[in-house]
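Required output: the full structure, derived from the provided sequences and hints.
Chains as they are written, first to last, in this note's numbering: chain A, 2 to 224; chain B, 538 to 768.
For each label pair, taking beta carbons as the anchor points, the in silico distance ranges come out as:
id, chain 1, residue 1, chain 2, residue 2, range
1, A, GLY135, B, ARG576, 27 to 37 Å
2, A, THR8, B, TRP672, 24 to 34 Å
3, B, ASP657, A, THR21, 27 to 37 Å
4, A, ARG167, B, TRP756, 31 to 41 Å
5, A, ASP108, B, ARG658, 27 to 37 Å
6, A, SER162, B, ARG576, 26 to 36 Å
Partner residues are not named here, just some residues of chain B that face chain A (Cβ under 7 Å, in silico):
id, residue
7, LEU660
8, GLN662
9, ALA663
10, GLY665
11, LEU667
12, ALA670
The hints are simulated quantities; they were obtained by calculation from the structure and are not laboratory data. We treat Cβ as the ideally placed atom computed from N, Cα and C, and that holds for glycine.
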Amino acid sequence: MLRVDVTKHLGEFTLSAAFTSEGRVTGLFGASGAGKTSLINMIAGLLKLDRGIISLDGETLDDTEARVHVPPHRRRIGYVFQDARLFPHLDVRQNLDYGRRMNRLGDDPAQRSRVTDLLDIGHLMDRRPGKLSGGERQRVALGRALLSKPRLLLLDEPLGSLDEGRKVEILPYLIRLRDEGIPMVYVSHDAAELRQLATQIVMLRRGEVTAFGGVKVLTGSAN
Amino acid sequence: MFEISPTEWTAILLSLRVAIVATLVATPLGIALAWLLARRDFWGKSMLDAFVHLPLVLPPVVTGYLLLLALGRRGFLGAWLADHLGIVFAFRWTGAALACGVMSFPLLVRPIRLSIEAVDRRLEQAAGTLGAAPWQVFLTVTLPLALPGVLAGMVLGFAKAIGEFGATITFVSNIPGQTQTISSAIYSLIQTPDGDLAAMRLVIISTVIAMGALVASEWFARRATRRLHGN
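Given below as structure tokens:
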């Protein structure tokens, strides 16, 4: 269970959002500039709150009153960025193995082959990120986050930098991932995408939650 | 022409030893400082930055004299180090290495700092979300990506150290076999009648060493860049 109740001033814009999500895939929906990325950066611990609380499965990650701020590397929250952010000096295999090494987890060949099969990236292992297509890069980023064994996966418009063809290529993998049961927070401004993926929707508009509920809340929106 | 005398050999080997030790000791300090200047904000940062660059703008003889005042046998630090740790810099090759290290430090730090500043912080954030603690992020992401700059800084620092003259001769004098580097040997030779030929030999050798360092750095930098970006 993810509980978020935060306030953050960003320039002249104030982000003030509260929701509690039990859904497997929480979709953060809103136009660009609505505060979606700032909100998941706070969940990841990359952006500090001005005021509020973030907790995951009963564990407090941020509590400004109690001066709690768990740093990103101790949160065990995976993050798939819009721009993949693969390490350019490491090949795909080393990128995938990075989280396991940093967390000093034991080698888990079964998990690794499950993830590489799920994402169809087995044939890319020896390549450098510079030699991958946009879609391949995003799949590797997804695999890299998964293999760090997070308890929650954040995805910030993972299809945002891809053209239509590539989106169709990645979407099935994301649906498979959802059906694996790992909890996700999925940011998008594309209602169609969220209708296919999300189980719960948090609608953001100019820094405020305007609707919360099942995917039905998307019906009234522009898309 | 190319009979190198034992004195000249001694000076050449001493110069190499001084410059290599100065560079190897200064590099980790330089990396730490470059990181601090590139990535942290703290009170007195611009003062620290200015202080690091001081040897670049001070007359070398002033730097050498300040070192002598501080670290000579009667200097406040020098006396303490000699009494408590048995470390003596004055009139030793270690003193020459220290003088060269101090003089080359700004040249070593600058390229490292620039290359750390150029590392994409978003990659460092990504490493954090994958469970890497800040020191792990530094060792596995920042430092490898800044490697070409580190190598460039080391070569520049080495080249400066091997040619350093003013601060070294002021701090540790010009004792053959002890503190006489190529530069101070050339200086002595051109003041000696009939020393021209020997001086010319050392001039050629120091040119060869400097060229070698530049070619090596170019090669390392190209290799490192290739390793970092693409196959």
